[in-house]
Each structure stands twice: as structure tokens, then as C-alpha cells.
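Chain order of the listed sequences is A and B.
Per this note's numbering, numbering of the first sequence is gapless, rising by one per residue and ending at 369.
Per this note's numbering, numbering of the second sequence is gapless, rising by one per residue and ending at 1369.
In case anyone wonders, no lab produced these hints; they're calculated from the structure.
All values reported here derive from a predicted model rather than from experimental measurement.
We put the CB at the ideal spot given by N, CA and C, even for glycine.
A few of these clues could be false.
One side of the interface only, derived from the structure: several residues of chain B facing chain A at Cβ under 7 Å [to be verified]:
no., residue
1, V1038
2, G1058
3, N1075
4, A1086
5, V1346
6, D1347
7, V1350
Using C-beta positions, here's what the derived DEER-type ranges look like [said to hold, decoys possible]:
no., chain 1, residue 1, chain 2, residue 2, range
8, A, Q66, B, D1103, 36 to 44 Å
9, B, P1320, A, G322, 34 to 42 Å
10, B, P1367, A, Q66, 56 to 64 Å
There are 2 protein chains.
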Amino acid sequence: MDERVREHAEVLVDWSARVETGDNVVLAVGVDAHELAVAVAERLGERGANLLATYSSGEITRAYLQAHDGEFDENPAHELALVEHADVYLSIGGGRNTSATADISSETRQAYNSARATIRDTRLGTRWVSTVHPTRSLAQQANMSYEAYQEFAYDAILRDWESLADEMARLKAELDDGSEVRLVSSGTDLTMRIDGRTAVNSAASVAYDSHNLPSGEVFTAPYATDGEVLFDVPMTIHGESVRNVRLEFDAGEVVEYDAEQGEDVIAEIIDTDDGARRLGELGIGMNRGIDRYTDNILFDEKMGETVHLALGRAYDANLPEGETGNESAVHVDLITDVSEASRLEVDGEVIQRNGQFRWEEGFDASPTQ
Amino acid sequence: MDERVREHAEVLVDWSARVETGDNVVLAVGVDAHELAVAVAERLGERGANLLATYSSGEITRAYLQAHDGEFDENPAHELALVEHADVYLSIGGGRNTSATADISSETRQAYNSARATIRDTRLGTRWVSTVHPTRSLAQQANMSYEAYQEFAYDAILRDWESLADEMARLKAELDDGSEVRLVSSGTDLTMRIDGRTAVNSAASVAYDSHNLPSGEVFTAPYATDGEVLFDVPMTIHGESVRNVRLEFDAGEVVEYDAEQGEDVIAEIIDTDDGARRLGELGIGMNRGIDRYTDNILFDEKMGETVHLALGRAYDANLPEGETGNESAVHVDLITDVSEASRLEVDGEVIQRNGQFRWEEGFDASPTQ
């Protein structure tokens, strides 16, 4: 076994999920993620945790959903009972075809997800972590060779997470003290309120309320959004290519939108429910191990010198205890590049310019623009 | 998709497991059984059942068990809750290496299985069915090409099950009316009591208390076994080749044994517990779609013109309501060929000679021997 696979498993089990003896662990294994699953099983055995592996396959989901009449039972008892009794839920993505469910209608997808809301919420109450095993289909989606993609993925995953967590704590402090964020870039001039919200130092560990591996972002839940934003990082959403999405906000809601490509997908998302017209997340990418877009949200949104915003559901971790944030059946991230001609302000003070934070070398304290 | 895969899924879901709308189904998928899993998912969607797929991998099991200290938690709550809330449990075998767990010690294997006894018993309380997807590793184990193995497997699986069930009902009637069975063949002269026991017409459907696909056997739970038996059908047990096992019984218990190959495996099994020295099953193979041994118990024991006996646990279905049969942590089948120079008697009357039942054409009513 490639030693990097074993290191990936160790980071996932120890740093990310903090697995302990006696933990009941669900390991959701993608069709092509077998090798990582074996390494994770080994680590779980060492820890004396209890392992149940489930199987995640876009082709199985598609076959099931295409054949079903669409009247889905609410929260099937066996699946609900499984997550209710799980301490840890590890999801290892990695299929053979990232477009395997591209021909499932959004109505079917939404009906299925809505019928499982309690299962989803219960799963989000465990120490859950999502990661991916670098597969050939992910390499293809990234326009990369398999070997180069493996290098890329492990650079992003096998970081010094403690050191990155320290750096991200500085940005978190700025956001926690601030009331308003302004993002200015090419095609973008957007203001958002963040007062009363708590930023998450997303250091790829449940100990930081962070549930993705790789991670490396600081995110909060904005509201009262005004202005416009251009998302210039290309993505695939629900199996469709999306490019140069432009959203215009007034008093927190999307009032206009268009896209160079994939506008129908954006329309579907925005029409899901009221919450889908509002932002649920403002995230600032800080993982410099990610040096290019690979059309995979798990990586792209964490990339250093990017900012992302999500339409839809907000995370509880950003909200005061007991307060409900933006609610929606969806949470869809869109990304903008801030490496050039951009600035991020908190209460009028520039904290990042052209991708450099003000505590970094290279930060331009007296710019011409 | 190969149309036979879809037919296999239909037999499994409709004939075998009798899946209905709203059933909570666990589908345990072997690493190489993906294609059948997709077909089963499609059928479950049509039926409006609720699908949760788990992942079965010898490599994952091995990695976990090798790393574990051997002090296993009893019946982990998440796995137990899952089977407690399942109506149907479909297991689709099919790995990449039938010897994937060959280097797990029998102590570890037994400790792991013993710790999960309640999970196992709960699973056996669902409408459970085990089948296999024909894979390259199973073809290899059978010394067959992949294509020839597929033909073989589908001949065994895609039968006219209703018609076979009718034929098997005749043998069941003989056994239910009988008190003593005698099996005579080369190296074998064995008598067993069967009075008070009920034979199962194993027609590959939960409606017949039959849980294997393919099936095609009639089995009961014998006791008070006397005499000796030679199992001349070669097998692999716990990853080891076993050939020409000879058991000698006195008053129901094994008093002597040897084997041309794999005697250590037989010794391990017999030493598991007291019940492992007694028989839990007498089965008579009646599936003539199975025309050769393929070193896979699911098929071999159902083969027409064979008889098998299992050391260990008896099935409740053979016993009067509330009565406990032979108990053991193991149930290991061994097979003998009865196509030549053999006879099976019930209370002194020959019901099968040289593989032919007395209701079949070709049965020799007045033999010289």
C-alpha cells in the first residue's frame, strides 16, 4: 500500500474524527475508495473502534431513484437507527464517474433528500468527516493525469494541520470582532453583516467544528447581503458545468442572476425554497497546498486566495446557541478568485489584498488602488 | 447490463426475499458485486422499498481484525440497531480474492463472531437471503473461465423455482414421515434419527424458510448419528483446501476423524465447542442446474446427486416450535457424492439410489447390490 494512503487514514481517524476506543463508526465507502477504506479499517482496528462499512455509489443511487415512483418514505427506520447509534460517520468519496447521477431530475433529488432530513440532521450530530480518495475519475474531472492528481490531493490532505489552525485563528479573531464584511474584486462589490456570528476555524477536525478533509478555510454565516458578486471559478454542479455566475443581492436576497454557462442549474437551486435565495456561508480559503482548481468543491473552496459563498442552509456552528440561521434544503457553494485586484475588508479595514493577508509577507499596506 | 444480471435481481427481490413496498432493506454488497447491486437497487426502487447498502470486503475485515487487540465489544449498538430495524437483509457475495482473509487466525475469527452473536441472530430473524454475483475470483476458484462460470452460475440461479419446489415437496414428505435415515456409499455407512424433525423444502425463498440463492435442497436436523462417512467432494474451508474428510460417529458425536488434506482445519472446527462435534444438518442436493463442483459451498451443497452434512449449529426451522437443536458457534458443511454405488434409505426403504429418486425415471427398483 502507498504510504500516503496510510497517512491519509491516520489523519482522518486521529486528527479529523478523534476516534477513540469503543466508538461506533460508520465508514461510507465510495466504489473506487476501497484502498483508503482498507487503511482506515486498519487504523480503526488499532484504535479498538467498532466498524460498519456502508457503500456509496452514484450508479446505485441513480438506479434506485430512476425506478422509484417518487413517493419516498420519511426517514426509513433502519437507516435512522444506524446514524442514531453512530458516534462517528466517516465518508470516503471516490467513484468511477463524477457524472453518475447527472440524469436524475432535481425534483426527484429534492424529494429524496427532503424525505431524509432527520437522517441527515442526525448524521450531522455525529463526529462526521468527509474526505475523498484520489481516483481516476476525480483526476479526469481535474484535467490531470492520475499520478499528478494523487500528488495534488495528498499535498492538500497531508498538511501540518496544527500550524494551519494557528494561522487561521488570526482570521477567525478578525471576523469574530467584526460587524460587516466587504468583498471587492473584478465584477464583485458585496457587503454582508456578520455581527453576532461566530467564525469557524476549519482545520479539518471535529475538534474545530470542521468536517472536511482537506479543509483549510475560515467560514461564517453572513446575512443582510447587498451588492453583486461574480463567481469566476468554473465548477460542476449536479453534473452540469457552471461558469461565471453573477448574483445581485438586495436586503439579503438574490434579486437578479445570470451565468455564462449552467444558468438553469442556478435557477433550479434558487427556486428550491426561500432560504436558497439567501447566503448560508461566507468562506475564505487558506489551504495553500491546493494550488489549482480541480472542479471538486471539497478542494476548490479551500484553495488559498479564493473566497466562496453558499446559497442556502447555514451551519449551526456559526450561530449563537439555540438560534436558527438561514434554513434551506440546499447548500451550494460558489467560488471567486481573489488573487488579483481584490480586497476583503472587515469594518472598513483591509485584511486581505490580492490574496495576501495583512500578517503575511507580501501584503501591500499602501496600494495604489 | 447483461439481461441475466437483471433477471438475477428480480429472482432475488421478488421470489427469494418477497420484498414489498415500505420494506427496510439492507443490501450487503461484495467488492466485485457492484453490477448486481445496481440491478437490485433498480428492482427495490420499483417495489418502493427503502435501500441501505453496506460494503462487504474481506480485505477490510482482514485489515481491521489484524490491527485489533482481540477484545471485541459485544454487539456494537449501531450495527445491532441497523439489523433490528431491517425487514430484509440481502447479501450479495463476490470479492476479488476468495482467500482474502486466509491469514486471520481462527481464535480472532471466533472471538469476533462470538462478540456479534446477537447481531447475527437478529439478522437471521429478518427475511435474509444470500446470493453471489459471478466474479472472476469465483471463476478462478472453480477452475473455470469467467464466461463459462457466468453460464454455470446463471444456470443454477435462474431456474423454474416453483416447479423445483413441487419436486422437493415429495422428498420433504418422505423425511417428515420418517424416523431414521441411512446413507450408504463408498466409505460411508451412517444412520441418523430424524423423528420429530421437520424437513425444509429449500426453494430459494423465505416463503419456504430457504435463504440461499441458488438453493435446491431438502434439509433437516439429524441426531443420534452412528457410523462413518467419507466426504469426497473437495472444498476450501477458512481459506484452506480440504479433501476426503472421514468422520466416525458414536451416539451422535464425532469420535474419530482424519482427512487427506486440511485435517488441521477440521480439528479446529471440531474443537470449537461441544456442538461442533455433532451434526446440525443433513441436506440432500436437488439442483440439477449445478452440474459440477466449484469449491463454493453455496453451489456445491445444492448440486443434484450429492448429500451434505454440517457440523455444528442446527436451524430452528427443522425443530418443533420452542425446541432448541444442536447449538454451536459454527456450522460447517461437508459434501459427499452419491451419484454412484450409493443409496439413501428412510426407515429401511430406498428413496434414492445412485443419485436417482424413486419417483424419477431411471430409478432402479430391483438392483443387484
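Checked hints:
Look at V1038(B): its Cβ gets to within about 5 Å of chain A, closer than 7 Å, so that hint holds up. Because the closest C-beta pair between G1058(B) and chain A is about 10 Å apart, greater than 7 Å, the hint is violated. Nearest Cβ of chain A to the Cβ of N1075(B): about 9 Å, over the 7 Å cut. The hint is violated. Below 7 Å, beta-carbon pairs count as interface contacts, and A1086(B) has one with chain A at about 5 Å; its hint therefore holds.
With a least beta-carbon distance of about 43 Å to chain A, the hint placing V1346(B) at the interface is violated under the 7 Å criterion. Taking 7 Å as the C-beta cut-off, the interface hint given for D1347(B) is violated, the closest approach to chain A being about 46 Å. A cut of 7 Å between beta carbons decides the hint on V1350(B): the least distance to chain A is about 49 Å, and the hint is violated. For the pair Q66(A) and D1103(B), the supplied restraint of 36 to 44 Å holds, since their beta-carbon distance comes to about 42 Å.
A beta carbon spacing of about 59 Å between P1320(B) and G322(A) contradicts the range 34 to 42 Å that was offered as a hint. P1367(B) and Q66(A) have their C-beta atoms about 59 Å apart, which keeps the hinted 56 to 64 Å range intact.
Hint compliance for this structure: hints 2, 3, 5, 6, 7, 9 are not met, and every other hint is.
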